[in-house]
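**Q** Can you build the whole structure from these sequences, using the hints too?
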Amino acid sequence: MADLPPAWAPYTALLGSRLHAQTAYRAGFVMDLFANVGIGLLEFVEIYVILTHTSTLGAMSASGALLVFALANIGFSLADLAVGHVDNLPTYLRAGTLDTFLLRPLPALAQLVTSDVALKRLGRTGVALIVLAVATPTAVAHWTPAKVVLLALTPVTGAAIFSALFVMAAAMQFWLVDGGELANSFTYGGSYAASYPASVLHLPLRVLFTFVVPAAFTAYLPALLLVEQPGPAGLPSWLGWLTPLVAVLAWGIALLVWRAGMRRYTGAGG
Amino acid sequence: MRPLPALAVAGFRRWSAYRMATVAGALTNSVFGLLRAAITVAAVGAAGGVIAGYSAREVATYSWLTQALMTVMVLGIWDELAVRVRTGDIAVDLARPVDLQLSWLAADLGRAAFVLLPRGLPPLAVGALTTGLALAPSAWSYLLGALSVLLGVVISFAIRFAVNLSAFWLMDVRGALTLHMVVSGVLSGFIVPVAWFPPWLGTLASATPFPSMLQTPVDVLSGRVTGAAAAQVVALQALWAVATLGVGRLVLARATRRLVVQGG
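First to last, the protein sequences are chains A and B.
All residue numbers for the first sequence refer to my numbering, where the first residue is 1 and numbers rise by one.
All residue numbers for the second sequence refer to my numbering, where the first residue is 1001 and numbers rise by one.
Worth flagging that the hints you see were computed from the coordinates, not collected in a lab.
Here the structure is a predicted model, which is why all the values come from computation and not from measurement.
Think of the CB as a built atom: it goes at the ideal place given N, C-alpha and C, for glycine as much as any other residue.
One thing to keep in mind: the hints can contain errors.
Derived list of chain B stretches under chain A, where covered just means 3 residues or more per stretch with a C-beta under 8 Å from a C-beta of chain A [what the hints assert, rightly or not]:
(1) 1026-1037
(2) 1169-1175
(3) 1193-1201
**A** Put into structure tokens, the structure is as follows:
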């Protein structure tokens, strides 16, 4: 029996073509990269200006708050890079692109995710990495092996959680169609909420952006463990160790919602 | 002058067609308002109760007003005109017997008139219920505030118009549009109040029209500036509106000299 190409071959081919396409126009790509550095700076300005007026925020030191900001932004920008384009699902629905995906013998979501990869988002990751490099030495006093693992893992789990939010938000479009902006409350709103110590939020919002939209798990809760601080009411810092579990759970729910959405979807034919 | 009011009405009706999008947008503005208010109020609390003249209640009001006005002032990316330049449809627009800039301005004012209440009132209502609002006490402030919002839209449009026209020179305008979004987001006082800026950023902002686009209407409506001072900042807005529209016309004149239209 002849060897079949591996199951992931179509996806690597798709991704490879996208990567190639982006680097084909160098000047345009560099400009997009700089524009994303700008977006990273735009996010940074708010916390920077706030910290020029106060040395603590939400019971965290300035360096602790910057650590939260950096971790959240690294996680979100990586998720945006990998799956942010699922945001365009309403356009795909209207243009019939999704129908094309459905005709191919591969899962539609896997095709949608690998249909693009926005390398330009690395501009925002870069800004966040610099903030991380500046904040971490001051914020984290005692290093333990567990903390090293946690710090290395947090951008990955953060990216996984934000990716799951993107997929969930996209799946909601099957019902909302024109209400795409509502989904922004979960994705971009989640990213914004994640960039600050959740202790600044009132209890109901804190619970919403921890247990419903798991934004606090992407940065604040791991950061509490890194700086060895107890959490505010409702958010004990040990929750931070559950982050990988939350990431898996978020993806499980996202896939269920996506499947329900796909079942509901009927193409316009043509 | 008949076509311009007609275009404004068309702009209004075009946007009112998407009800679901409006509801979704208002909800999103409200969620962001809750987050912004919480963050800025926490900052004021940590700083000892006041930052640059803003108490907790005042900065919460600022957060709600900026959320209420962000859609009106289009603080995201707007590329409609740039797309028409790239596709060449701009040739059709230029052939019309109405002024290009004024006809787009009329349509944009119609758009702003539609989004003002459905996108503005829900965040303000949520704000009134959660943090409370510190609004201007006198009717005069609201009259002047209405004029200030109108001038803010004109400035916002005039800058977007000029930036979009860069499509005549650039292959890909995304970079320019994103840069505009970043600069206007910061300098207009949308991210944090202009009064909170460190001196170097404050000086930079005051040399640009951006604070007149958002910070000024918010200041007038919240009663941060009143009386003669309010009249003065609105007069400055009017100057910026004329100046930015003027720059837009200059750019348009240069662009149309470059433009080559083929066929017919």
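**Q** Hint by hint, say whether it matches the structure.
**A** Consistency of the hints with the structure:
1. 1026-1037: holds (count 6)
2. 1169-1175: holds (count 4)
3. 1193-1201: holds (count 4)
When each numbered hint is compared with the structure, no violation occurs for any of them.
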